[in-house]
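Undergrad: Got chain D; can you put chain U on it based on the hints?
Going line by line, the protein sequences match chains D and U. Heads up, the first sequence is in the numbering used here, so the first residue is 306 and it goes up one at a time. Heads up, the second sequence is in the numbering used here, so the first residue is 1033 and it goes up one at a time.
It should be emphasised that the hints constitute simulated quantities derived from the structure, not laboratory data. Hints are supplied without guarantee of correctness; some may be wrong.
Claimed, not checked - Estimated spans, in silico, between C-beta atoms of each pair:
1. G341(D) x E1058(U): 46 to 54 Å
2. E1057(U) x G456(D): 15 to 23 Å
3. E1101(U) x T431(D): 32 to 40 Å
A virtual CB, placed ideally from N, CA and C, is assigned to each residue, including glycine.
Residue strings, one per chain:
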Amino acid sequence: MASTHLYTYGITDDADVAFETDGVDGATDVYAVEHGSLAAVVSDSETMEPDRSDENLRAHDDVLQELLYRDGGRTVVPMQFGMVFKNARALKGVLRGGRRAFRKALNDVEGRVELGLKILADEGATVDRESIVASVTERLEPVSVSEAENGLFSDRLVLNRSYLVERDDRAAFDEAVDGIIDEYGETFTVQYTGPWAPYSFVDIEIGAQR
Amino acid sequence: MFVVDDLLVRPFVSLINVVHAMAIEELYDVEAIRDDIKENRLLFEVGERSREEYEERRTDLERQLDVAEQARENLQGKVEIKR
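Looking at chain U on its own, in the form it has when it is part of the complex:
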């Protein structure tokens, strides 16, 4: 959670920046994508997803993961998100 006080005592953090940071956080949530990759595999293993569905989703998620990891690396130190 954001600490509202932080926003009051740190006027250099504009609301737009905060919203932007939150969007980045959500868009490039590497851990969440990794969890989705594991879930996809589990659902394939227990027979809830066909091999085709599994492969398609996996390709998509791996692409997302690459983008997220690259974005995180590029943004390192530029965006601070307090929780």
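So here's chain D without its partners, still in its complex pose:
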């Protein structure tokens, strides 16, 4: 029988995590591995390299969503998809080595969520990108803490940004996005997504052996 590894979804400061859900690679239980004041949220995994299928990617994000909102919600520093540790010892080693970075990241995103906005033009359309970006910035800057530029991976993308928003400012942010949809929704496709765990606002390199 294959040995069991630990698939890791994210880091929180709440060790009281244990629930049943549909996790990555068919996992049914999510729980916390604690080290000091940090806790990694994991499920058991038979493989060190889970398949990057849509189903698994969605499961990874669904677990993070549950962590964000379950039991009144908690702050989560999300892991990239595919972080599997050989055993609890290896995982705790990473928590120990990265504790300052994790602690700082948790402080940075506490009480905040990530929201995504993409504006997509029709194929071949002529677009005044600068003016659209300026208008979006003017509307969303006052209701967000921070913004991150994401790649324009399609020629049709006019804008692709993530915003870090205080949970308490969600209604104001939604309203500002409604204004953008009113202004551009007829001519462009506006995709507003989230809330997500703050993937775009934490950047921690883990150099330890998994």
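TA: Leaving out everything else, chain U in the frame of chain D:
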């Protein structure tokens, strides 16, 4: 862009090799394929592509990505492309 001077001062790079390298660069452009995968997903999410079209394109692009990554690995150090 190629620096033309490079070609003049590096006679061991033949034109055929340069053209070959450019073809490899374009054929196995891993980043471009990844962008296409993301675009395919976005177009599905906003309803411009049906699930069937999306799945079909995704399978095709993932196959291309595997080939490109494998080719890049095999060619590492053998082909130099200056831009």
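Undergrad: Hint by hint, say whether it matches the structure.
TA: Hints and how they fare:
Look at G341(D) against E1058(U): about 50 Å separates their beta carbons, and that is inside 46 to 54 Å. Taken as a hint, the range 15 to 23 Å holds for the pair E1057(U) and G456(D), whose Cβ atoms sit roughly 20 Å apart. Separated by about 36 Å at the C-beta atoms, E1101(U) and T431(D) satisfy the suggested range of 32 to 40 Å.
Consistency note: the structure conflicts with none of the earlier hints.
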